[in-house]
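> Read off the chains here:
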Amino acid sequence: MQELALVMSGECLDARELELARLVKQAKAGDMAAFEAILVRHERQVLMTALRLLNGNLEDAKDAAQQVFLRLHRSLGQLDESRNFPSWLYRVTINVCRDALRIRMRRPTVPLDEAQHRAAVVDSDEKLRHSEQMRMIYAALETLSERERASVVLRDLEGHSTKEVAHMLQCSEVTVRSQISNARVKIRKFVGRQERRRL
Amino acid sequence: MSCADYETLIALYVENDLTEQEMSCVESHVETCAACSEFVAAMRESQAVLKALRLDRVDDADLAEIRASVMSEVSSRRKPIAWPKLAIAAALVVTCAVAWMWRMRPDVAVVVPSMAAVTVPPAPMTLVHTPLRTKHHPVRAARHARSAPVFKSEPLVVKMFTDDPQVVIYWLVDQNGG
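Sequence order for the protein chains is A and B. Heads up: the first sequence begins at 1 in this note's numbering, then just goes up one per residue. Heads up: the second sequence begins at 1 in this note's numbering, then just goes up one per residue.
Bound-form chain B, shown alone:
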């Protein structure tokens, strides 16, 4: 091995980064080679200079600045969802919608199975079977008549409980199709 080869090993030797075998190999060469012995001293000196960087310090103010900006950024990412407010808002919307539908409901046209074939003046949201269908498809007409819903004028009230005991959602369901 030449002195140039030893240079790379000496760079590790000065910080005990070699195996025992390599260490003893370098040691025995350095004892007999003045140039490499000089290089070991120079390398130790530059390592000492490098390690002076360990003494470098940062101010607490700089650390506090980093911490503040990180915590601020992280907190803004994690805005909690206001579930109680959201539930109240949803309940209000549903209530308003139901109230509006209740007000706008058409006059109830009661259709009983026996009257299914009777022509009723057209009105929105009512089931009307035309005489044409019953004329050509009497079986289907009878089936329609059997399955025709029996409308009631009383609305169905659905009471929904939420996690918040102060929030109860009432759902008024118009059984006339509203």
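If we strip away everything but chain A, and leave its shape as in the complex, we get:
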């Protein structure tokens, strides 16, 4: 009945989204297994997004992901299962990571090499190259503003459309386009500088 209502409401949800809506409904009713199923379904997405927004710091990303899911549990009562849940989750992830970055800015920074960077342990030339490339990209992302980073991560790394990114960031498509354009130019300049330094 609920599924029929969702389809009739014009949301045109596919089977996967209907299943998610059912899980959200069950979780709202206090079903812990349903909540865990939501967690399993979205934990990779949340952790990867957090990792990219937090410049590759895995420990901070794990803390942020935990915060996101605790916030989800607290907000279950207000969640509308017919709305776009993944979009809501991205928005919460972005907000939690923004708060984490602000907290990090207030505390003394640890040099990247000494930090628990996930690319620190390497055991082959290929892995070393990959690790260096990852480090450079994270460093490039660090040169962006919060909004630019969020836009470019959602558009270029998560693969969402400009319209979807605008919805997630709750701003206009024109603003998102401007942020993405600025971010890409900054990244291009950073990568260019790195290449010139290497030569």
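In short, the hints are calculated from the structure, not lab data. Just so you know, not all the hints are guaranteed correct.
[Said to hold, decoys possible] A short list of chain B residues far from chain A (calculated; beta carbon distances all over 12 Å):
| hint | residue |
| --- | --- |
| 1 | 20 |
| 2 | 29 |
| 3 | 44 |
| 4 | 47 |
| 5 | 91 |
| 6 | 101 |
| 7 | 161 |
[Claimed, not checked] Straight-line distance between alpha carbons at most 27 Å, and here's what the computed DSSO-like set of lysine-lysine pairs gives:
| hint | chain 1 | residue 1 | chain 2 | residue 2 |
| --- | --- | --- | --- | --- |
| 8 | A | 62 | A | 28 |
| 9 | A | 163 | B | 51 |
| 10 | B | 159 | B | 85 |
| 11 | B | 51 | A | 62 |
| 12 | B | 51 | A | 127 |
| 13 | A | 127 | A | 189 |
| 14 | A | 127 | A | 62 |
| 15 | A | 189 | B | 51 |
| 16 | A | 163 | A | 127 |
| 17 | B | 159 | A | 186 |
[To be verified] To spell it out: a stretch of chain A is covered by chain B in this simulated footprint if at least three of its residues, at any positions, have a beta carbon under 8 Å from a beta carbon of chain B; those stretches are:
| hint | stretch |
| --- | --- |
| 18 | 42 to 52 |
| 19 | 67 to 77 |
| 20 | 135 to 149 |
| 21 | 155 to 169 |
| 22 | 178 to 186 |
Note that beta-carbon positions come from the ideal geometry of N, C-alpha and C, so glycine has one too.
Knowing the structure of chain A, use the given hints to seat chain B on it.
Leaving out everything else, chain B in the frame of chain A:
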């Protein structure tokens, strides 16, 4: 439009983020401008580098760690209330209180309406009308006499059923005001 203006459009052009009209505008400029054509190539290269981040993976162990800590935190928030135990405890407290009140009850002083004006030796929990009141307010005294409760020594037993069929609460009500 200068090449600097095209730079921002090219950043969107390389990922097809422009309208058809804008796309054709950029394409026609790039065909005639070597610097912008070079910038398009450089921009495509840096986008490829950026997208390498898509290959980055997280370990399942990290995901399991997050899941475990979230589920543990959430479960500790939702401790279920042990209603049957709570009902038994409440029944015991009520029973003990009633038993104690029953033991501590004063000697019953039976006051009948006709005796309302009679001075009874003071005892706790009994209604006593002093002669002074009856003397000055005979009407009120008569009304008091009419409304004075008729005390019975038999306690009233209230039996309360709960959701749990094994828990029945008995409430002994002392009708002497206890």
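> Over 12 Å to the closest beta carbon of chain A is the bar; see if residue 161 of chain B clears it.
holds, 27 Å
> Would you check chain B against the stretch 42 to 52 of chain A, counting CB to CB pairs closer than 8 Å, and say if three or more residues qualify?
Held - the stretch 42 to 52 of chain A has 6 residues with a Cβ nearer than 8 Å to chain B, which meets the minimum of three.
> Just want to verify: residue 101 of chain B was marked as not at the interface with chain A; is every Cβ pair farther apart than 12 Å?
Residue 101 of chain B is indeed farther than 12 Å from all Cβ atoms of chain A, at 41 Å.
> Is the claim that residue 91 of chain B lies outside the interface with chain A correct, judged by CB distances over 12 Å?
holds, 28 Å
> Run the distance test for residue 51 of chain B versus residue 127 of chain A: straight-line Cα separation, threshold 27 Å.
Distance ~17 Å between residue 51 of chain B and residue 127 of chain A Cα, so the pair holds.
> If you count the residues of the stretch 178 to 186 of chain A with a beta-carbon closer than 8 Å to a beta-carbon of chain B, do you get 3 or more?
holds (count 6)
> Given the hint that residue 127 of chain A pairs with residue 62 of chain A, does the C-alpha gap stay at or below 27 Å?
Status holds; Cα separation ~23 Å.
> Are the Cα atoms of residue 62 of chain A and residue 28 of chain A separated by 27 Å or less?
holds, 24 Å
> At 12 Å, judged by beta carbons, does residue 47 of chain B keep clear of chain A as stated?
The claim is violated: residue 47 of chain B sits with its nearest Cβ about 7 Å from chain A, within 12 Å.
> Regarding the pair residue 163 of chain A and residue 127 of chain A, is the alpha-carbon distance no greater than 27 Å?
violated, 36 Å
> Please verify the coverage claim for the stretch 155 to 169 of chain A: does it have three or more residues whose C-beta sits within 8 Å of some C-beta in chain B?
Holds: 4 residues of the stretch 155 to 169 of chain A have a Cβ under 8 Å from chain B.
> Hint check: residue 189 of chain A vs residue 51 of chain B, CA-CA at most 27 Å. Holds or violated?
Distance of about 16 Å is within 27 Å: holds.
The structure fails hints 3, 4, 16, 17 (numbered hints given earlier, in ascending order).
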